[in-house]
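K.L.:
Whole structure, please, built from the sequences with the hints as guidance.
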Amino acid sequence: MTLIMLVLAVVVAVLTLLLASALGVLVFWRPALTAPVHTSVTSVSAMTALMAVLVAVTR
27 MTLIMLVLAV
37 VVAVLTLLLA
47 SALGVLVFWR
57 PALTAPVHTS
67 VTSVSAMTAL
77 MAVLVAVTR
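If you count the sequence shown from 1, position 57 lands on 83 in the numbering used here, and the numbers rise without skipping.
Mixed in with the good hints there might be a few duds.
[To be verified] Have a look at the derived ranges for each label pair, beta carbon to beta carbon:
id: 1; residue 1: Leu29; residue 2: Phe54; range: 34 to 42 Å
id: 2; residue 1: Met73; residue 2: Leu52; range: 14 to 22 Å
id: 3; residue 1: Ala82; residue 2: Ala58; range: 34 to 42 Å
id: 4; residue 1: Thr84; residue 2: Trp55; range: 37 to 45 Å
id: 5; residue 1: Ala58; residue 2: Leu29; range: 40 to 48 Å
id: 6; residue 1: Ile30; residue 2: Met73; range: 15 to 23 Å
id: 7; residue 1: Leu43; residue 2: Val79; range: 15 to 23 Å
id: 8; residue 1: Met31; residue 2: Val51; range: 27 to 35 Å
id: 9; residue 1: Val37; residue 2: Val67; range: 16 to 24 Å
id: 10; residue 1: Thr28; residue 2: Pro57; range: 41 to 49 Å
id: 11; residue 1: Ala82; residue 2: Ser47; range: 37 to 45 Å
id: 12; residue 1: Pro57; residue 2: Leu32; range: 36 to 44 Å
id: 13; residue 1: Gly50; residue 2: Ala75; range: 31 to 39 Å
id: 14; residue 1: Val37; residue 2: Thr68; range: 30 to 38 Å
The hints are simulated quantities; they were obtained by calculation from the structure and are not laboratory data.
All C-beta atoms in this analysis are idealised placements derived from N, C-alpha and C, irrespective of residue type, glycine included.
P.N.:
What follows is the structure, given as structure tokens:
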């Protein structure tokens with residue numbers, strides 16, 4: 027794995043964690059947004075899993 031790919035993977039992981047944290051705070055303060063936030067988290071998880079598969083395949 028090249029250094030660029032490693033840096034990109036770390037950036038994606040950090041951004042995913044920040045987004046998940048922000049969505050968790052949003053649901054805590056506004057419980058009515060639970061369904062849309064759940065959909066967003068599912069989409070982000072799917073994109074992260076796809077990115078992991080793509081990185082593994084291109085190695």
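K.L.:
Hints first: check each against the structure and report whether it holds.
P.N.:
Status of each hint after checking the structure:
1. Leu29 / Phe54: 34 to 42 Å: The hint (34 to 42 Å, Cβ to Cβ) holds, given that Leu29 and Phe54 are roughly 38 Å apart.
2. Met73 / Leu52: 14 to 22 Å: 19 Å, holds
3. Ala82 / Ala58: 34 to 42 Å: Since Ala82 and Ala58 have Cβ atoms about 38 Å apart, the given range 34 to 42 Å holds.
4. Thr84 / Trp55: 37 to 45 Å: Taking Cβ atoms as reference, Thr84 and Trp55 lie about 40 Å apart, which means the hint holds.
5. Ala58 / Leu29: 40 to 48 Å: Holds, since Ala58 and Leu29 (Cβ atoms, about 44 Å apart) stay within the stated range.
6. Ile30 / Met73: 15 to 23 Å: 19 Å, holds
7. Leu43 / Val79: 15 to 23 Å: 19 Å, holds
8. Met31 / Val51: 27 to 35 Å: 31 Å, holds
9. Val37 / Val67: 16 to 24 Å: 19 Å, holds
10. Thr28 / Pro57: 41 to 49 Å: About 44 Å separates the Cβ atoms of Thr28 and Pro57, which means 41 to 49 Å holds.
11. Ala82 / Ser47: 37 to 45 Å: Taking Cβ atoms as reference, Ala82 and Ser47 lie about 26 Å apart, which means the hint is violated.
12. Pro57 / Leu32: 36 to 44 Å: 39 Å, holds
13. Gly50 / Ala75: 31 to 39 Å: At 19 Å between Cβs, range violated.
14. Val37 / Thr68: 30 to 38 Å: About 21 Å separates the Cβ atoms of Val37 and Thr68, which means 30 to 38 Å is violated.
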